[in-house]
Amino acid sequence: GESVGLHLPTLSVQEGDNSIINCAYSNSASDYFIWYKQESGKGPQFIIDIRSNMDKRQGQRVTVLLNKTVKHLSLQIAATQPGDSAVYFCAEKRKNQGGKLIFGQGTELSVKP
Amino acid sequence: KAGVTQTPRYLIKTRGQQVTLSCSPISGHRSVSWYQQTPGQGLQFLFEYFSETQRNKGNFPGRFSGRQFSNSRSEMNVSTLELGDSALYLCASSLGVGDEKLFFGSGTQLSVL
Numbered sequence: 001g002e003s004v005g006l007h008l009p010t011l012s013v014q015e016g017d018n019s020i021i022n023c024a025y026s027n028s029a030s031d032y033f034i035w036y037k038q039e040s041g042k043g044p045q046f047i048i049d050i051r052s053n054m055d056k057r058q059g060q061r062v063t064v065l066l067n068k069t070v071k072h073l074s075l076q077i078a079a080t081q082p083g084d085s086a087v088y089f090c091a092e093k094r095k096n097q098g099g100k101l102i103f104g105q106g107t108e109l110s111v112k113p
Numbered sequence: 001k002a003g004v005t006q007t008p009r010y011l012i013k014t015r016g017q018q019v020t021l022s023c024s025p026i027s028g029h030r031s032v033s034w035y036q037q038t039p040g041q042g043l044q045f046l047f048e049y050f051s052e053t054q055r056n057k058g059n060f061p062g063r064f065s066g067r068q069f070s071n072s073r074s075e076m077n078v079s080t081l082e083l084g085d086s087a088l089y090l091c092a093s094s095l096g097v098g099d100e101k102l103f104f105g106s107g108t109q110l111s112v113l
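Chains as they are written, first to last, in this note's numbering: chain A, 1 to 113; chain B, 1 to 113.
Since the hints were made in silico from the structure, they are not lab data. Don't be surprised by glycine CBs; every beta carbon is placed ideally from N, CA and C. Careful, some of the hints might be misleading.
[What the hints assert, rightly or not] Here are the simulated EDC-like pairs of lysine to aspartate or glutamate, each with C-alpha atoms no more than 16 angstroms apart in a straight line:
#, chain 1, residue 1, chain 2, residue 2
1, A, Lys112, A, Asp49
2, B, Lys101, A, Asp49
3, B, Lys57, B, Glu75
4, A, Lys95, A, Glu39
5, A, Lys68, A, Asp84
6, A, Lys95, B, Glu100
7, B, Lys101, A, Asp17
8, A, Lys71, A, Asp84
9, A, Lys68, A, Glu39
[Unchecked claim] For each label pair, taking beta carbons as the anchor points, the in silico distance ranges come out as:
#, chain 1, residue 1, chain 2, residue 2, range
10, B, Ser22, A, Pro113, 36 to 44 angstroms
11, B, Thr7, A, His72, 22 to 30 angstroms
12, B, Gly3, A, Gln58, 23 to 31 angstroms
13, A, Ser26, B, Glu82, 38 to 46 angstroms
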């Protein structure tokens, strides 16, 4: 079926290292992708988004890469900090679907000091 | 600017009861979406409201319903509660037209006993 899935459920990195969180999607009709960060007891927090007409987008310490050929999305976090520890979700939106996002299962990022 | 506000934060109900959850979107946002989050199913889209009209609907039974008021505030209702309805219910708002970024509230944690 159609889904947005994550390759790894958990990721552990050393403080100061770069983190890469991956996501696969199956529907080529998706035209918008978002990464969210969710800390314990809180709702998902918007990190960065990218449209399907782009391959790369950079924010503060984060970069999202989109490979439409293999339907793959990744989030890169530079110089990972303890405050980055959280669950990260990718989500896709299909054209003309308004506020309906399809979320992946999430990757738990753990940053070791 | 205040974020998305959800009330109540926690709720305990018993099977067969009904519940109403409330969401106040970010000022100026006209679209409100609701999501259910469980450990097993992850984040799943319930429905979206825009200008008091349901614009999108997920694959949930008719026991789940919602509405939006003229001030964009939204409520969702679950009738005849089942144990499986225990979840974190998240509300997200967006401008609704031309801007797809969804901003989430902290959610209402519903426990059905």
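Okay, the hints, checked on the actual structure:
1. The straight-line distance between the Cα atoms of Lys112 of chain A and Asp49 of chain A is roughly 27 angstroms, outside the 16 angstroms bound, and the hint therefore fails.
2. The hinted pair formed by Lys101 of chain B and Asp49 of chain A meets the criterion: a straight-line CA distance of about 8 angstroms does not exceed 16 angstroms.
3. Proximity of Lys57 of chain B to Glu75 of chain B is assessed by CA-CA distance (about 15 angstroms); at most 16 angstroms being required, the pair is judged to hold.
4. For the proposed pair Lys95 of chain A and Glu39 of chain A, the alpha carbon gap of about 29 angstroms is over 16 angstroms, so the pair is violated.
5. For a cut-off of 16 angstroms, the pair hint linking Lys68 of chain A to Asp84 of chain A is broken: about 27 angstroms separates their Cα positions.
6. Of the pairs offered as hints, the one joining Lys95 of chain A and Glu100 of chain B holds, with about 11 angstroms between alpha carbons and a cut-off of 16 angstroms not exceeded.
7. Our distance criterion of 16 angstroms between C-alpha atoms is broken by Lys101 of chain B and Asp17 of chain A, whose separation comes to about 29 angstroms.
8. Between Lys71 of chain A and Asp84 of chain A the alpha-carbon distance is near 26 angstroms, which puts this suggested pair outside the 16 angstroms criterion.
9. Taking the CA atoms of Lys68 of chain A and Glu39 of chain A, the gap is about 29 angstroms. The hint is violated against a cut of 16 angstroms.
10. Distance hint check for Ser22 of chain B and Pro113 of chain A: the Cβ-Cβ separation is about 40 angstroms, which falls inside the suggested range of 36 to 44 angstroms.
11. The given range of 22 to 30 angstroms is broken by Thr7 of chain B and His72 of chain A, whose C-beta atoms sit roughly 39 angstroms from each other.
12. At roughly 25 angstroms, the beta carbons of Gly3 of chain B and Gln58 of chain A sit within the given window of 23 to 31 angstroms.
13. The beta-carbon spacing between Ser26 of chain A and Glu82 of chain B, approximately 30 angstroms, falls outside the hinted interval of 38 to 46 angstroms.
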